[in-house]
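Undergrad: Chain B is already provided as a structure; the job is to place chain W on it using the hints.
Residue numbers (the numbering used here), protein chains in the order written: chain B, 1 to 252; chain W, 1 to 283.
Bear in mind the hints are in silico, worked out from the structure with no lab data behind them. From a predicted model like this one, the values you see are computed outputs, not experimental measurements. Don't be surprised by glycine CBs; every beta carbon is placed ideally from N, CA and C. Please note: incorrect hints may appear among the correct ones.
What the hints assert, rightly or not - With a straight-line cut-off of 20 angstroms between C-alpha atoms, the simulated SDA-like cross-links for lysine to any residue are:
#: 1; chain 1: B; residue 1: 119; chain 2: B; residue 2: 136
#: 2; chain 1: W; residue 1: 223; chain 2: B; residue 2: 97
#: 3; chain 1: B; residue 1: 84; chain 2: W; residue 2: 102
#: 4; chain 1: B; residue 1: 67; chain 2: B; residue 2: 56
#: 5; chain 1: W; residue 1: 85; chain 2: W; residue 2: 102
#: 6; chain 1: W; residue 1: 223; chain 2: B; residue 2: 173
To be verified - Reference excerpt, derived from the structure (chain B facing chain W, CB under 7 angstroms, subset only):
#: 7; residue: 52
#: 8; residue: 95
#: 9; residue: 131
#: 10; residue: 138
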Amino acid sequence: MPDSIIRLDNVDFSYGNKKVLENVNLNIEQGMFMGLVGPNGGGKSTLIQLVLGLLPPEKGDIHLLNKPIDQFKQWNRIGFVSQKANTFNKGFPATVFEVVSMGLTAKIGYFHFMKKKDKQRVYEAISLVGMENEAHSNIGNLSGGQQQRIFIARALVSEPELLILDEPTVGIDYQNVDRFYELLHRLNKEENITLLLVSHDTGVLTKYATNVVCLNKTLHFHGNSEEYTALSTDYLSEIYGHPVQVVVHDHG
Amino acid sequence: MFSDIITFDFLRHTFLTGLLIGIIAPLLGSFLVVRRLSLLADALSHVTLAGIAFGLFIEKQFLITFSPLYSGMGFSIIGAVLIEKLRSLYKAYQEIGIPIILSGGVGLSVIFIALANGFNTDLFGFLFGSVSAVTVNDLYLISAISIFVILAIVLFYKELLTLSFDEEHATVSGIHSKRIHFLFIVLTALVIAASIRIVGVLLVSALMTLPVAAAMRLAKSFKQLIFLSIVLAEFSVITGLISGYYANIPPGGTIVVISIIVLILSFFWNKVTLKQHKGDRVS
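For reference, chain B alone in the conformation it holds in the complex (with noise of 0.2 angstroms):
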């Protein structure tokens, strides 16, 4: 059996008296792109607070890589790309290695420096995500998908063996969506980086993710994601609470 990365059993979480989270179980797997979508406010942002260590569970235990979070200490193991990565200070003078430097940060520890080796693993991270030929451009001059894909290599540089992206494609052109799914898919499948990817857009998601599961208050669905997109529109309206359309992508 693959390695659990991430598991939460009967979690519970409130803000003040109103109920975000209820009774969910969740087991991520080694090697899984998984996709967590639901309407917004269905708490899928709050789950990654939790699975961050951000919020506390209110009932409920959750693991990291098999250890309880309340004890666990090896953040570098684990990546984060958050949504609001993209609504950084654009006039920060600072180039993509530099950002992508502050990713090692943590796991070279405080009182030590950078060495020759860990410069070398933050440009192979650069070339990992495809902008080694912007190394020592300003982060504000690059377009909002190459500023995406510097988040990636940042978070990607520490090494880690789960990387948790929370809505990664707002703010990025369309056409680019593809080109960062197909990204996604290489380091999961030639990496084998764990994924678990938050969104509110099913369709491209189906076509990329292994599994998916979909969160309103309570886990309403966890499968694969064929099982998926072959779930009736009804059902999802049901559980989105007004109508949806899933819009089905080859898998090519």
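TA: What follows is chain W alone, placed relative to chain B:
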């Protein structure tokens, strides 16, 4: 001035102090500006003024002599801690601590100045800077602060940069953001206390932000930003001290006006290089 520097001790002290703050003020300022915390320097400088007025009052009241820089430094650090406290109390209004501490600092300053029987030349020097007020003890204190600040920035450079660029990412990746931020704000308080002798309370934030604003127009990387802003600050400090000395003007004024001229020149520099780039592409 150079022969005078050799002849007069006090000028040598002033000059050396100027060179030191020409390094540390823009060094800290680079982080302040990119984190959009430039006003923090203003708030802390006004608290420092309260500390200095307190020191002058104690000096006068109890007839003891000590450098008011120490009480200024103490107040500045307390102010920094309070701003942080207010930041965590008003999570949705993180900048609210700045006007509270600024006005609190001015209020206390007024009270201590009145208790110390009003304005005198010492106070004037602290407000606008002075070429003649730096004592040998001040020089020692400012050197110690400078060494400490530079060491701390070198040691925590990567953490400070990571935090400045993206606080959420820094926290998620396991950096102790709160402690690093606290260290940063204490360093800022120290730099302000150190710079006050030369540029004065009212203009200290200018030395931390103007050279950085000019360097921002030219720098591509953060390291370039730091390096350029130090070069520009040193230029402003040196020329400002020399012209202030000859024209008998407090150096705070001359240094800041020269910094502003440098800033305006940086706009033109930007235009020239942009035109060149466009020209390159056409040809």
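Undergrad: It remains to establish, for every hint, whether it holds in the given structure.
TA: Quick rundown of the hints versus the structure:
no.: 1; hint: B:119 x B:136; verdict: holds (13 angstroms)
no.: 2; hint: W:223 x B:97; verdict: holds (12 angstroms)
no.: 3; hint: B:84 x W:102; verdict: violated (32 angstroms)
no.: 4; hint: B:67 x B:56; verdict: holds (15 angstroms)
no.: 5; hint: W:85 x W:102; verdict: holds (15 angstroms)
no.: 6; hint: W:223 x B:173; verdict: violated (32 angstroms)
no.: 7; hint: 52; verdict: holds (5 angstroms)
no.: 8; hint: 95; verdict: holds (4 angstroms)
no.: 9; hint: 131; verdict: violated (16 angstroms)
no.: 10; hint: 138; verdict: holds (5 angstroms)
The structure fails hints 3, 6 and 9 (numbered hints given earlier, in ascending order).
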